[in-house]
Amino acid sequence: MSAYVKKIQFKLHESYGNPLRVVTKPPYEITETGWGEFEIIIKIFFIDPNERPVTLYHLLKLFQSDTNAMLGKKTVVSEFYDEMIFQDPTAMMQQLLTTSRQLTLGAYKHETESPSCLQGFF
Numbered sequence: 012m013s014a015y016v017k018k019i020q021f022k023l024h025e026s027y028g029n030p031l032r033v034v035t036k037p038p039y040e041i042t043e044t045g046w047g048e049f050e051i052i053i054k055i056f057f058i059d060p061n062e063r064p065v066t067l068y069h070l071l072k073l074f075q076s077d078t079n080a081m082l083g084k085k086t087v088v089s090e091f092y093d094e095m096i097f098q099d100p101t102a103m104m105q106q107l108l109t110t111s112r113q114l115t116l117g118a119y120k121h122e123t124e125s126p127s128c129l130q131g132f133f
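Under the working numbering, the first residue of the sequence shown is numbered 12, with each subsequent residue one higher.
Keep in mind that the hints were calculated from the coordinates and are not lab data.
Heads up, simulated EDC-like pairs for lysine to aspartate or glutamate below, C-alpha to C-alpha not over 20 Å straight-line: (1) 54 x 40; (2) 22 x 93; (3) 54 x 43; (4) 18 x 93; (5) 17 x 94; (6) 54 x 94.
Here are the computed distance ranges between Cβ atoms for each label pair: (7) 101 x 47: 37 to 47 Å; (8) 64 x 30: 12 to 22 Å; (9) 32 x 88: 15 to 25 Å; (10) 14 x 47: 34 to 44 Å; (11) 110 x 47: 36 to 46 Å; (12) 28 x 69: 19 to 29 Å; (13) 37 x 94: 13 to 23 Å; (14) 109 x 49: 29 to 39 Å; (15) 45 x 90: 11 to 21 Å.
Everything numeric in this text was worked out from a predicted model, so none of it was measured. The beta-carbon is built from N, C-alpha and C at its ideal position, and this holds for glycine as well.
When you get a sec, could you build the whole thing from the sequences and use the hints?
Right, dumping it as structure tokens:
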């Protein structure tokens, strides 16, 4: 993503200090502690200034459901698949999106966190 993403802006619940966070390099995540459920507004800005930013809404759940609590599970896993489709991207963006070279920083390991930890993976 770093080949075409300039920055990602996260808007957290107002109860967090500095609820508007900007991340400019991978892994594009923020870490906070808390409890509850609220919607995070995520805005993705692209390197190509002619591509408009994309806004996503993610419902964050920081507590266990009754089913998980009854099963004795201690982690909260709430994952959603989202997909961005670029229709008529600019020539620059098309090149960035279709490059065939590997753009990873290393192996990615998906981890689950405790209920009090806020993780955004993008």
